[in-house]
Amino acid sequence: MSETVDNQGVQAVTMTNVNKWFDDFHVLKDINLQVADGEKVVVCGPSGSGKSTLIRCICKLEDHQKGTINVLGTELNDKVANIDEIRREVGMVFQQFNLFPHMTVLENCTLALTLVRKKSRKEAEAIAMQFLEKVRIPEQSVKYPGELSGGQQQRVAIARSLCMNPKILLFDEPTSALDPEMISEVLDVMVTLAEEGMTMVCVTHEMGFARRVADRVIFMDEGEIVEQNTPQEFFDNPTNERTQLFLSQILQH
Amino acid sequence: MTDTTYHLPPQISFSQKLKNSLFATPFDFFLTLICAALFALLLYWFIDWAFISSIWRAEDEPLCKEASGACWSVIDARHRIIFFGLFPFEEHWRSTVACVVMIATIVASCVPWFWTAIRLSALWLIGFSIFYILMHGGVFGLSVITPERWGGLALTIFIFAAVSIIGMPLSIVLALGRRSKLPVIAKLFGLFIDFFRSLPLLTILFTAAVITPFVLPGWLQGDKLYRVIFGFALFFAAYQAENIRAGLQAIPLGQDEAGLTLGLKYWHRVSRIQLPQAFRNSLPSIVNQFVITFKETSIVTIVGFFEILASGSAAFGTGKWTVHYIEVYVFIGAIYFIFVFSLSRYGAYLERKLRVGHV
Numbered sequence: 120m121s122e123t124v125d126n127q128g129v130q131a132v133t134m135t136n137v138n139k140w141f142d143d144f145h146v147l148k149d150i151n152l153q154v155a156d157g158e159k160v161v162v163c164g165p166s167g168s169g170k171s172t173l174i175r176c177i178c179k180l181e182d183h184q185k186g187t188i189n190v191l192g193t194e195l196n197d198k199v200a201n202i203d204e205i206r207r208e209v210g211m212v213f214q215q216f217n218l219f220p221h222m223t224v225l226e227n228c229t230l231a232l233t234l235v236r237k238k239s240r241k242e243a244e245a246i247a248m249q250f251l252e253k254v255r256i257p258e259q260s261v262k263y264p265g266e267l268s269g270g271q272q273q274r275v276a277i278a279r280s281l282c283m284n285p286k287i288l289l290f291d292e293p294t295s296a297l298d299p300e301m302i303s304e305v306l307d308v309m310v311t312l313a314e315e316g317m318t319m320v321c322v323t324h325e326m327g328f329a330r331r332v333a334d335r336v337i338f339m340d341e342g343e344i345v346e347q348n349t350p351q352e353f354f355d356n357p358t359n360e361r362t363q364l365f366l367s368q369i370l371q372h
Numbered sequence: 002m003t004d005t006t007y008h009l010p011p012q013i014s015f016s017q018k019l020k021n022s023l024f025a026t027p028f029d030f031f032l033t034l035i036c037a038a039l040f041a042l043l044l045y046w047f048i049d050w051a052f053i054s055s056i057w058r059a060e061d062e063p064l065c066k067e068a069s070g071a072c073w074s075v076i077d078a079r080h081r082i083i084f085f086g087l088f089p090f091e092e093h094w095r096s097t098v099a100c101v102v103m104i105a106t107i108v109a110s111c112v113p114w115f116w117t118a119i120r121l122s123a124l125w126l127i128g129f130s131i132f133y134i135l136m137h138g139g140v141f142g143l144s145v146i147t148p149e150r151w152g153g154l155a156l157t158i159f160i161f162a163a164v165s166i167i168g169m170p171l172s173i174v175l176a177l178g179r180r181s182k183l184p185v186i187a188k189l190f191g192l193f194i195d196f197f198r199s200l201p202l203l204t205i206l207f208t209a210a211v212i213t214p215f216v217l218p219g220w221l222q223g224d225k226l227y228r229v230i231f232g233f234a235l236f237f238a239a240y241q242a243e244n245i246r247a248g249l250q251a252i253p254l255g256q257d258e259a260g261l262t263l264g265l266k267y268w269h270r271v272s273r274i275q276l277p278q279a280f281r282n283s284l285p286s287i288v289n290q291f292v293i294t295f296k297e298t299s300i301v302t303i304v305g306f307f308e309i310l311a312s313g314s315a316a317f318g319t320g321k322w323t324v325h326y327i328e329v330y331v332f333i334g335a336i337y338f339i340f341v342f343s344l345s346r347y348g349a350y351l352e353r354k355l356r357v358g359h360v
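As they're listed, the protein sequences go chains C and W.
Taken in order, the first sequence gives residues 120 to 372; the numbers are from my numbering.
Taken in order, the second sequence gives residues 2 to 360; the numbers are from my numbering.
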């Protein structure tokens, strides 16, 4: 289930000269990014810098207009078969959790297992419980999302993604909508996943998390990748002045 | 945990609440008294008219002139016309059983156990088949009775059920079509919906009943009743589609995105994620549309069908009964009330049930 970290030769995600516009607004400018299999990449940057758009492009929630994106050897274009193939391998965790409010926690997890993976209900429930245990929330399986705290909801959302056995997990500001006391329970789960070798691309401002698990930190501003480096170098010796400004702003408090 | 004191909110007794809301000031006291007196008086008049000073049996009709209350003799004598319209007298049992079957089908489809595509379709297929065989006949030694002679309550219920059953799936298709990402499809469905919403129901029924026979080839026409039901269903679907679309609009975009990233196909995202939430969001207006439709079935009188209201007019339309139209209308009003009130109570029950787990 977990990937081994040592096959660094294989690229999980390759973005080449990717450009995207929202009408006239140029959100992504010549993005070149490679994520190796098993690598953990943290993307940060000021709001509106295009970091969310970047990872949303990887699972085709947004279309890019120029350049190529290759995910696990499959070209991401308009071919339905390719999109399906990529979405099968890529999981996504959202800022707003996006759990299905009309289903119980367990049903949230088993829905795609039965409909997409064609598992029997029994099998699906066994898999779902296994991952709910992994995010330490199995006792909530019969509740509805509305009855859970934000941190619990986000952990369910992570379990729901894990049920599909993804090779890559994308996180779009997973802790930004949480009350401060709930952030660590979600980050703990993410650290566990990272330690198990999951390929992860996280948009987050949790710099402690970045230092602890990231192989690489990417800083984006105005649609460009401005700087990327190991967490150590990135935080201690940022070279670009925009990075320095950003870091001074978020680390001030 | 042991010596925690729980601070409960101060308890207000019912009589205290009553006092606060009804008798707080002398003016409130005065108003409450006046309203209560008026209400009691109206209630007394009605009970006296309907139950105490009223005449009940058909053969007691001559007493009605003396009595100050209602003359229910007209119902006793003429209820068969109200319930069955022009349906042949000796076959009334068929219409009765058909009605019971159709009401049972409607009630059963309100039970959550039936809410799967297979069970619901099977239920309605069986329900409609039994209804049709009983009403129309022609098999099992039942004599043929063509739809022109159907009438009364059976016809009202049949039109309502048929319009709902054709209109509901159609409204879902229309609502989804109007939200299509392809501009051509969205515009076309939008035009269709707005076209049928902009026409008065009367016009649609009239067109279906009278004009389409000139336009359509014979094999496509079908019976007048079915044309009218189809036209009615289009009208119903156009309105219901907008109710459902409102429910769809209210769902956050992230729901569909979550479905996409889990690899769910369009139809699964629609049927398992969007529609259940859309129905919950716009349940009050969806139920409302059913209520309106039940009452609007009376419009088919215009194109020559004897649904329950028209049958009622026929019931007091002859001889000595002509003076007793109030009793007949009150009776029919009560029948409408039973159906519509059940519908809206059911809607309220659904709202409570679906609220569980809502964010």
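None of these hints come from the bench; they were simulated from the model.
Do not take every clue at face value.
Straight-line Cα separation of at most 25 Å, BS3-like style, residue types lysine-lysine; simulated pairs [claimed, not checked]:
#1 K148(C) <-> K185(C)
#2 K182(W) <-> K238(C)
#3 K266(W) <-> K241(C)
#4 K182(W) <-> K198(C)
#5 K266(W) <-> K198(C)
#6 K266(W) <-> K237(C)
#7 K286(C) <-> K188(W)
All values derive from a computational prediction rather than experimental measurement.
Results of checking the hints against the structure:
A hinted pair counts as satisfied when its Cα atoms are at most 25 Å apart, and K148(C) with K185(C) qualifies at roughly 10 Å. Taking the CA atoms of K182(W) and K238(C), the gap is about 31 Å. The hint is violated against a cut of 25 Å. The suggested pairing of K266(W) with K241(C) holds, with an alpha-carbon distance near 22 Å, which does not exceed 25 Å. The straight-line distance between the Cα atoms of K182(W) and K198(C) is roughly 17 Å, inside the 25 Å bound, and the hint therefore holds.
For the given pair, K266(W) sits about 14 Å from K198(C) by alpha-carbon distance, which is consistent with the 25 Å threshold. Simply put, K266(W) and K237(C) have alpha-carbon atoms about 13 Å apart, close enough for the 25 Å limit, and the pair holds. Under the criterion of a C-alpha separation no larger than 25 Å, the hint pairing K286(C) with K188(W) is inconsistent with the structure, at around 40 Å.
Hints 2 and 7, counting from the list given before, are not met by this structure.
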